[in-house]
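Chain residues, written in single-letter form:
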Amino acid sequence: MSNDEENRAIIQWLDGDLSDEEIQKVLPREDLLAYRQILHEVDSWTPDNDQQIFDVTEITRAAPQEETKVRKINSWMPMSIAASVVVLIVAGVYFFSGFGTTEYVADNGTSLEVNLPDGISTVTLAAGSAIQWEDDAWSENGRKMTIEGKAYFKVGKGSPFVVSAATGTVEVLGTEFEVSGFEETFIVACYEGKVRATAADQQKITLAAGEESVYHKDAWAPKRNTNGDLPPWFAEKLEFKDTSLEEVFAKLEKTYEVKIVAGDVNLQQKYTGNVPTNNLKASMKLVLTSFNIKYKTIGKTLYLSK
Amino acid sequence: MDKQTVCEEKIFHQIHKDWAVPLRNFLFYKFGDLEKSRDFAQEAFVRLWNNCSKVASDKAKSYLYTVANRLFLDEVGHQKVQLKFQRRMQITESQMESNPEFVYRQQEFKGRLEQAISSLSEQQRTVFLMSRIDKMKNREIATALDLSIKTVEKHVSNSLKFLKGELEDLKNIKI
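Those protein sequences? They're chains A and B, same order as listed.
Numbered according to our numbering, the first sequence spans residues 1 to 306.
Numbered according to our numbering, the second sequence spans residues 307 to 481.
Looking at chain A on its own, in the form it has when it is part of the complex (with noise of 0.2 angstroms):
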């Protein structure tokens, strides 16, 4: 009996096409009482015994295209994305509405993260910028959409990614990026994976992960390195949740390197809610307004009072 037909019974025998007597012919008497030990055991397992975990009508009581899709990003996890680019794109208005298309809008001050249709890509969106898409725009044959603003994609391997502006046209292909047909500045930067930009006089530009380029005045200027920092806008939040303001001051302290001084104030009180890590005013605004507490500072202290 050679190795191959022996690899090829059990196979079929462990895909249910062969009987235990029909094994029985090709196998040692051992091994086969091996196998069927360890097999015996392993099915007889389940990872849990309580097999009624999930509640479907929590899913399909809210109509589809609604609620869970749309979701205030926390934070961010640059991992496996086939290839990750930052588009910003000076646009004016593009967008027309209609039957079956769905529109997302970044409200100012505030970025939205958005799940794309395919399932495993997204965008980002800075504050007061929007995406659209036709409902029929995606299928197996390709993705498209149109954004006003600027927006930061992950996209996930798939079918031809193209998105739209009123000035000009970017295509993502696999860990490819081009940029097409459009007439003011553009910026491209590209943090994972390759991209290729093509002006609308077909000036090319190929950056790779960590560079990023402008095209302006019927040129792409020299590549400059991103740092590997993200865009200021996609900075991450501090998330609060019944948290003691002394907790919250000591992040803040971290975050910003500085020193609070609490004074009279009560730090046992609870504050809920997210805070950006780039902007000390704005997070120190976002958490004491609430409690009616002022501050002022004095070089890298802030001191706190009723």
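Don't read these hints as lab results, they were simulated from the structure.
Don't take every hint at face value.
Below 25 angstroms or equal to it, Euclidean Cα-Cα: the simulated DSS-like pairs (lysine-lysine) are [said to hold, decoys possible]:
# : chain 1 : residue 1 : chain 2 : residue 2
1 : B       : Lys441    : B       : Lys460
2 : B       : Lys342    : A       : Lys241
3 : A       : Lys144    : B       : Lys316
4 : B       : Lys441    : A       : Lys157
5 : A       : Lys25     : B       : Lys460
6 : A       : Lys144    : B       : Lys367
7 : A       : Lys157    : B       : Lys390
Computed from a predicted model, the values in this text were never measured in an experiment.
Since the structure of chain A is provided, determine the placement of chain B on it from the hints.
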């Protein structure tokens, strides 16, 4: 669109009924966290529902596994795991009393097998357990994970041979 989509609540409910637990299990095989596996699986179904008009019902399963896998990669990533399982049929007290040694050996065997399974590569382990615990056919696993049938067959049979090798020294324990 001619193909049936999953927006029909009845169809969606059926897909959920058939695949919620296997999908949760699939994630559990990868990283061993039951709670998170459940959350990721649920999230995958939420995304399927939200995109129901774009997913034909015959593509729903591979959509779910793709999304679940992406969620797993983004949040957890590949890491070493130590999987623990429950038995569908718990050992009864009377078994325990009548034959404690047997129960002890059985537990030891289970522990060693869990260890050996945990040391398989992530993909081998996942495929092997989907085949055994969720009773999925090789063809089903292949479409769900976007692998060739040959790869799935290889993973299942190689896993079994590897496990046998790992447990060689327990060979004389009769259970």
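ask   = Which of the listed hints are broken here?
value = 3, 4 and 7
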